[in-house]
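**Q** Listed here are the chains, written in short residue letters.
There are 2 protein chains.
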Amino acid sequence: MLDNTNKPAFAKRTERMKASEIRELLKLTQNPEVISFAGGLPNPASFPVEIINKISSDVLTTIGETALQYGTTEGVIELRETLNTYMKKNGIITDVENILITTGSQQGLDLVGKVLVDPDDVVIASAPSYLGALSVFKSYGADIIQIPMKEDGIDLDIMDHTIKKIKNEGKFIKLIYTNPTYHNPTGVSMNTENRKKMYDIARDHGIFILEDDPYRELSYFKESELSVKSFDKTEHVIYMSTFSKILSPGFRLGWITGMSEVIRKIAIAKQAIDLCSNTLTQYIAYYYISKGYAEKHIPKIRTMYKEKLEIIINALNKFMPDYVSWTNPKGGMFIWLTLPNNINVNDMFPYAISNNIAYVTGTAFYIDGKSGMHSMRLNFTYPSNNKIVEGIENLSKVIKKWNSKTYVESNNTLDSKERGKELGLILK
Amino acid sequence: MLDNTNKPAFAKRTERMKASEIRELLKLTQNPEVISFAGGLPNPASFPVEIINKISSDVLTTIGETALQYGTTEGVIELRETLNTYMKKNGIITDVENILITTGSQQGLDLVGKVLVDPDDVVIASAPSYLGALSVFKSYGADIIQIPMKEDGIDLDIMDHTIKKIKNEGKFIKLIYTNPTYHNPTGVSMNTENRKKMYDIARDHGIFILEDDPYRELSYFKESELSVKSFDKTEHVIYMSTFSKILSPGFRLGWITGMSEVIRKIAIAKQAIDLCSNTLTQYIAYYYISKGYAEKHIPKIRTMYKEKLEIIINALNKFMPDYVSWTNPKGGMFIWLTLPNNINVNDMFPYAISNNIAYVTGTAFYIDGKSGMHSMRLNFTYPSNNKIVEGIENLSKVIKKWNSKTYVESNNTLDSKERGKELGLILK
Chain A
1 MLDNTNKPAF AKRTERMKAS EIRELLKLTQ NPEVISFAGG LPNPASFPVE IINKISSDVL
61 TTIGETALQY GTTEGVIELR ETLNTYMKKN GIITDVENIL ITTGSQQGLD LVGKVLVDPD
121 DVVIASAPSY LGALSVFKSY GADIIQIPMK EDGIDLDIMD HTIKKIKNEG KFIKLIYTNP
181 TYHNPTGVSM NTENRKKMYD IARDHGIFIL EDDPYRELSY FKESELSVKS FDKTEHVIYM
241 STFSKILSPG FRLGWITGMS EVIRKIAIAK QAIDLCSNTL TQYIAYYYIS KGYAEKHIPK
301 IRTMYKEKLE IIINALNKFM PDYVSWTNPK GGMFIWLTLP NNINVNDMFP YAISNNIAYV
361 TGTAFYIDGK SGMHSMRLNF TYPSNNKIVE GIENLSKVIK KWNSKTYVES NNTLDSKERG
421 KELGLILK
Chain B
1 MLDNTNKPAF AKRTERMKAS EIRELLKLTQ NPEVISFAGG LPNPASFPVE IINKISSDVL
61 TTIGETALQY GTTEGVIELR ETLNTYMKKN GIITDVENIL ITTGSQQGLD LVGKVLVDPD
121 DVVIASAPSY LGALSVFKSY GADIIQIPMK EDGIDLDIMD HTIKKIKNEG KFIKLIYTNP
181 TYHNPTGVSM NTENRKKMYD IARDHGIFIL EDDPYRELSY FKESELSVKS FDKTEHVIYM
241 STFSKILSPG FRLGWITGMS EVIRKIAIAK QAIDLCSNTL TQYIAYYYIS KGYAEKHIPK
301 IRTMYKEKLE IIINALNKFM PDYVSWTNPK GGMFIWLTLP NNINVNDMFP YAISNNIAYV
361 TGTAFYIDGK SGMHSMRLNF TYPSNNKIVE GIENLSKVIK KWNSKTYVES NNTLDSKERG
421 KELGLILK
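Protein chains in written order, with the numbering used here: chain A, 1 to 428; chain B, 1 to 428.
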């Protein structure tokens with residue numbers, strides 16, 4: 001129905017939806033002269049284009065009619081079997097029946113929100129957290145409580161204490177959302193002991209953990225830590241991952257596994273949402289893993305991104321002023337910069353864009369819209385190696401200029417390491 | 001959070017979700033000996049496998065990296081431009097900016113429900129209606145009012161009268177859901193005059209029409225009537241269609257167009273739901289239409305399905321007893337049978353399955369769970385030509401046997417034409 005002025009009367013839940021800040025920022029960065037550290041994009045050179053071309057032809061030639069038909073809501077059975085085996089490597093013991101293919105891991109988040117989160121339920125997440133997860137939980141009306149991070153991830157003592165406090169207040173905690181491996185946006189990875197501890201806390205409180213694990217394969221120095229799910233003997237952990245970083249984000253393919261009853265409910269919800277995920281690309285993903293292509297190709301992605309990580313770290317060391325600090329990622333796609341308190345990165349953004357540099361402002365990763373204004377997320381997987389160096393040099397100039405401006409204005413500088421510690425992040 | 005017995009505490013909205021009856025029925029029909037008229041599946045022989053193989057290779061060879069990367073939430077711009085031109089043929093004047101690609105038209109339904117329907121809002125639909133639409137609106141808490149059908153679609157006089165009554169009661173009508181062209185489940189198509197009238201009623205009352213138009217290209221005797229959207233000068237019609245019946249349902253690609261503000265809101269909602277639809281298959285769909293493949297291939301689908309429609313009609317005429325009647329589709333995928341009131345098709349279903357015949361019980365298409373118990377939907381596009389004849393012969397035996405049984409039990413038969421009229425459907 002429309003109102004008297006012919007405007008649509010939207011559902012109340014739309015008041016909780018807002019366009020992603022990154023999405024709006026990205027519109028500003030479409031000028032090809034802008035060096036963008038803002039996106040969350042894999043490098044297109046990492047896509048196995050020829051392999052996909054060959055597999056696509058194999059699939060269409062051999063099982064074309066099946067690969068073009070509707071599939072079951074849970075997903076192509078061969079792919080789910082392959083993922084069952086694949087996850088075993090990482091210590092995850094589940095069952096094909098409890099694996100469901102999602103239309104990207106974003107849909108996994110949405111489905112979990114849809115079946116578990118009522119308005120005013122509490123969802124616990126780290127501060128900062130992946131903004132796509134925050135917007136999903138917010139869209140379902142969750143009261144999102146962000147817990148500060150320590151050097152390797154969410155501060156578990158504060159988390160435990162906060163859970164007790166919230167429970168005492170009589171509120172209902174539905175989920176702990178975590179992205180422990182090469183965390184978006186900070187790049188840090190939780191150590192094994194803390195992963196176990198996180199599981200213990202969740203189990204003892206009877207709360208689900210939603211483990212979002214998209215970057216597991218993007219480990220550049222040693223194997224990634226075992227997933228939180230691998231310690232789960234009690235079905236408290238719902239685990240999700242994606243093909244976006246190891247095959248193609250355009251395929252929109254992820255998967256989710258967890259307690260049988262949750263996966264059943266998710267299947268019913270998904271049925272009304274999109275019936276099933278893309279069948280053709282599910283078969284391509286199935287061949288990609290089961291026929292050994294992934295095993296050969298993923299190391300190439302690692303080599304490419306490791307070099308980019310080293311280049312950005314070297315450039316930061318070389319160009320950035322003392323009062324800027326950053327995390328120390330060992331994998332993934334992101335690095336997190338902490339600037340002095342006199343620099344508001346939102347205020348600085350237009351100045352950076354006018355100098356052809358784009359980043360994501362830290363505030364995007366906090367639900368309060370205020371925290372993170374002295375931080376920024378940089379993506380190092382998308383720009384070319386040369387552009388990374390050029391971009392960091394320019395960004396450092398932008399920051400120095402802005403700092404001298406704000407210094408004059410505020411007549412005050414602060415020690416950035418202290419500030420970084422306040423934000424709970426490990427600093428170089 | 002889990003409860004004391006370690007069961008998940010699901011969100012309240014999950015109480016409104018239920019597994020599709022068809023989905024549950026289909027599980028019973030996986031025995032290869034069963035001749036199934038139950039699915040809503042295109043015939044796999046209608047898929048342009050070789051064309052897709054060629055296009056896929058062209059896309060990957062020429063623009064592989066773009067086709068494998070994330071795309072914009074609204075969809076691949078080239079595809080949206082092509083759809084803009086494509087819809088003009090059908091009298092729909094819109095703008096590329098107001099066309100959004102959906103992950104199948106099921107997602108279009110879900111997005112419209114998400115941005116427009118609050119709990120207890122009224123959604124008007126025909127009785128019967130596509131059950132996938134009913135479950136979406138129900139999942140958002142809509143009060144679905146089903147209006148009886150006349151020979152070519154929803155009874156517009158009753159609709160107008162009902163709208164006035166509901167408005168007088170102070171309730172909020174958000175949408176009229178309609179599938180006017182080769183309606184699922186009945187197969188009937190609304191005449192042009194009634195389409196105009198439907199638009200007029202909606203406009204006068206200030207209510208959106210959601211026109212679901214998946215079967216438009218499946219016209220077997222003459223061109224389909226112009227869409228309701230083609231009469232829309234006031235942006236009251238939201239229009240959606242799909243590639244599922246003309247290219248591949250496995251691609252999960254549909255599109256939606258309507259008032260700019262609605263499409264903007266839908267884009268924001270979609271961003272949190274799956275970021276974007278499958279990029280590779282969007283490019284394949286773009287080449288399929290823009291390079292003339294669709295124009296050559298769709299007539300082949302029409303020829304194949306027209307033959308199947310004629311075969312099922314001939315078989316019904318030949319084998320069915322007098323007291324069974326059916327609609328007279330000129331396109332689409334379905335035909336709707338009306339049986340005597342003494343035959344409950346839900347009760348008869350296990351007997352039909354034991355005789356290797358499957359159908360969808362009429363009750364699946366009504367929100368009250370009771371109406372439609374003397375009706376069934378038959379799909380004629382999926383079974384082979386021989387199986388259609390064999391299946392209808394067997395179904396008629398099943399019905400005769402069941403009728404003689406219920407006749408004896410109830411000592412009462414009714415005139416099926418009278419019953420068909422009660423259900424508001426045209427009968428042969």
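It should be emphasised that the hints constitute simulated quantities derived from the structure, not laboratory data. Beta carbons: idealized from backbone N, C-alpha and C, even for Gly. Certain hints may be false.
Claimed, not checked - Okay, the calculated bits of chain A under chain B, using three or more residues with CB under 8 Å as the criterion:
#, segment
1, 212-226
2, 358-366
Said to hold, decoys possible - No farther apart than 35 Å at their CA atoms in a straight line, the calculated lysine-lysine pairs in the DSBU-like style are these:
#, chain 1, residue 1, chain 2, residue 2
3, A, K165, B, K12
4, B, K18, A, K138
5, B, K164, B, K318
6, A, K7, B, K296
7, A, K387, A, K300
8, A, K167, A, K150
9, A, K167, B, K138
10, B, K12, A, K138
**Q** Now, for every hint given, state plainly whether the structure supports it.
**A** Evaluated hints:
| no. | hint | result |
| --- | --- | --- |
| 1 | 212-226 | violated (count 0) |
| 2 | 358-366 | violated (count 0) |
| 3 | K165/A to K12/B | holds (24 Å) |
| 4 | K18/B to K138/A | holds (24 Å) |
| 5 | K164/B to K318/B | violated (45 Å) |
| 6 | K7/A to K296/B | violated (41 Å) |
| 7 | K387/A to K300/A | holds (20 Å) |
| 8 | K167/A to K150/A | holds (23 Å) |
| 9 | K167/A to K138/B | holds (32 Å) |
| 10 | K12/B to K138/A | holds (16 Å) |
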